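Undergrad: First to last, the protein sequences are chains A and B. Using numbering that gives the first Met the number 0, read the first sequence as starting at 0 and increasing by one per residue. Using numbering that gives the first Met the number 0, read the second sequence as starting at 0 and increasing by one per residue.
Hint data in this document are derived by calculation from the structure and do not stem from the laboratory. Fair warning: this is a prediction, and the values are worked out from it, not measured in the lab. Here a beta-carbon is modelled for each residue, glycine too, at the ideal position from N, C-alpha and C. Where hints are given, some of them may not hold.
Pair ranges (Cβ atoms, derived) [to be verified]:
1) S192(A) - W186(B): 55 to 61 Å
2) V58(A) - I134(B): 28 to 34 Å
3) P66(A) - G133(B): 26 to 32 Å
4) I262(B) - R25(A): 34 to 40 Å
5) L37(B) - K206(A): 37 to 43 Å
6) S142(A) - L95(B): 48 to 54 Å
7) W48(B) - T287(A): 58 to 64 Å
Just so you have them, the derived chain A footprint on chain B, three or more residues with Cβ under 8 Å [what the hints assert, rightly or not]:
8) 41 to 49
9) 95 to 106
Computed cross-link-like contacts, EDC-like style, restricted to lysine to aspartate or glutamate with a CA-CA straight-line distance of at most 20 Å [stated by the list, open to error]:
10) K6(B) - E181(A)
11) K54(A) - E65(A)
12) K6(B) - E65(A)
13) K93(B) - E20(A)
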Amino acid sequence: MITITASHYNTKVAHSRAIAEPAWIRWLLIASALGFLGLFLFVPLAAVFTEALRKGIAVYLAAFKEPDALSAIWLTFTAAAIAVPLNLVFGVSAAWAIAKFDFKGKSVLITLIDLPFAVSPVIAGLVYVLIFGLQGWFGGWLSSHDYKVLFAVPGIVLATVFVTFPFVARELIPLMQAQGKEEEEAAIVLGASGWQMFWRVTLPNIKWGLLYGVILTNARAMGEFGAVSVVSGHIRGMTNTLPLHVEILYNEYNYVAAFACASLLAFLALVTLALKSLVEWQAARAVTTNE
Amino acid sequence: MNLTLKKPSVLPGFGPTLGYTIFYLSLIVLIPLSATFLKSTLFTWDQFWSAVTAPRVLASYRLSFGAALIGALINAFFGLLVAWVLVRYRFPGKRLIDALVDLPFALPTAVAGIALTAVYSTHGWIGSVIEPWGIKVAFTPLGVIVALTFIGLPFVVRTVQPVLEDLEAEAEEAAASLGASRLQTFWKVILPALWPALLTGFSLAFARAIGEYGSVIFIAGNMPMVSEITPLLIITKLEQYDYAGATSIAVVMLVVSFLLLLIINGLQWWSSHRYGR
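Build out the structure end to end from the sequences listed, making use of the hints.
TA: Here is the structure:
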């Protein structure tokens, strides 16, 4: 859902005095909205950085020199680097079939793609425990072949793929449905091959929506906690992602280090939001130049 | 591929893309989820029933569903307010604040959890201010509500905002010219148009809050019968190797989630057919 802020609306409303609220109500509403956002968003966000820097910059930086922290950062990026391309390919493929063709059972398929959003992250982890755990379907076979999925990197990647599964598809399906199929049909009728059509017509049309979906997938992949927590086994330096490392440090009352690692994740979240706004802005510009 | 299932088209790639979609969906989502249901059929009905209705489990449902409901209601009210202010008014820093509304989507839940705990504990910035009034947030059920409000915050704003932007000023002007007060216009003209979006955002926030784990466990205190949420109970059972118990509770939560998903889809269908969005 790329929402394009209609700034023209504000000017339209401002000109019509009959439907504008008195100034004091306006400021009261703005103050209440900002007060609510302050209590629930801005103050906690500021607290992350303040707590992290409480004992000075040297202690802050020392938290990142820990080998366990470094390996957690590395694992977090690895899991995201595997999960994002997998779900990217799936998202494009699903959106192509769903948006460009009419077939029976389409709405059921869309609902099924949404399933991981409705499932608690803890249950997302649990399902893989039930399959790959020692009591699970493949548990015996895996342990006899000395191959670990659970409490190892493959389990973490699987859980990450599960929780980020719908993002790209969810962005692309409405976008590609809205764009219709005339341009692609024209390309095929004029003799383009399927791949030529995809690279030259489809991809340029969906690039902003695709990028938006990838940004959301990546943010969730790097930050996932519940699902990864169930399958990881919390082995330090081995199967700890950065969010799990934050939990361990926090539970050891090592608050400065916990908030230091948290501040890195918060920084990544802010970068995500900035990129997201940039993509929305670009997409809005692309729409206005096409019109 | 059964071609009678689909209408003819000159575009290529239907078979491979649909085939891959169904294959990948089955592999990652459908087979693992059905494993949970199949596992639960291995227990007797009595085992299942006593696992999902134990007093400690019932207390966790009350907290998870109750706190999620309160959080979603808070978000419905303030989400509408934030969306209204962002669409209708101009004030300094508006674009920055608009972008920051999505923070709960982007911020890892564990980070949100420790940040909220730091702010709302009795030594924290907000917790120390409200403590003299006898209000304790961190390590009480109130803390669970705070965390669930945080993670559901963007849903209502982001579903209501586009509808509010598309609302025609003419309808409001007509109401005003017919003598309606601003408040009457809001109740009788604006709110009915926002209703489906508001309800969708509310259900999304509610559904997300029920399953939430990361942001809650730090602030909740996790006392059995008092401040222990259902997802945490699943993990506790799992750590005690009580697979039957964990799976049974998970099945209950999955059924509730699926029902909510159906309701949300119905709501979205309703709003798109009623207002052509």
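Undergrad: Take the C-beta atom of S192(A) and the C-beta atom of W186(B), compute their distance, and say whether it sits inside 55 to 61 Å.
TA: holds, 58 Å
Undergrad: Range first: 26 to 32 Å. Now tell me if the beta carbons of P66(A) and G133(B) are that far apart.
TA: violated, 46 Å
Undergrad: Does E65(A) lie within 20 Å of K6(B) when you go C-alpha to C-alpha?
TA: Roughly 59 Å separates the two Cα atoms, so the pair is violated.
Undergrad: Kindly confirm whether 58 to 64 Å is satisfied by the beta carbon distance between W48(B) and T287(A).
TA: Since W48(B) and T287(A) have Cβ atoms about 59 Å apart, the given range 58 to 64 Å holds.
Undergrad: Are K6(B) and E181(A) close enough, with their CA atoms no more than 20 Å apart?
TA: Holds, at about 16 Å.
Undergrad: Can you take a look at whether the region 95 to 106 of chain B is actually covered by chain A? Rule is 3+ residues, C-beta closer than 8 Å.
TA: n = 11 at 8 Å, threshold three: holds.
Undergrad: For the region 41 to 49 of chain B, count the residues whose Cβ lies under 8 Å from any Cβ of chain A; is that count three or more?
TA: Coverage by chain A is violated here, the residue count being 0 at a Cβ distance below 8 Å.
Undergrad: Is 48 to 54 Å a correct range for the gap between the Cβ atoms of S142(A) and L95(B)?
TA: With a Cβ separation near 52 Å, S142(A) and L95(B) satisfy 48 to 54 Å, so the hint holds.
Undergrad: K93(B) and E20(A) were given as a pair; does the straight-line alpha-carbon distance stay at or below 20 Å?
TA: Distance ~19 Å between K93(B) and E20(A) Cα, so the pair holds.
Undergrad: Using the Cβ atoms, figure out if I262(B) sits within 34 to 40 Å of R25(A).
TA: holds, 35 Å
Undergrad: Okay, L37(B) versus K206(A) on CB: inside 37 to 43 Å?
TA: holds, 42 Å
Undergrad: Cβ-Cβ distance between V58(A) and I134(B): within 28 to 34 Å?
TA: Holds: the Cβ-Cβ distance is about 33 Å, inside 28 to 34 Å.
Violation of the numbered hints given earlier is confined to hints 3, 8 and 12; the remaining hints are satisfied by the structure.
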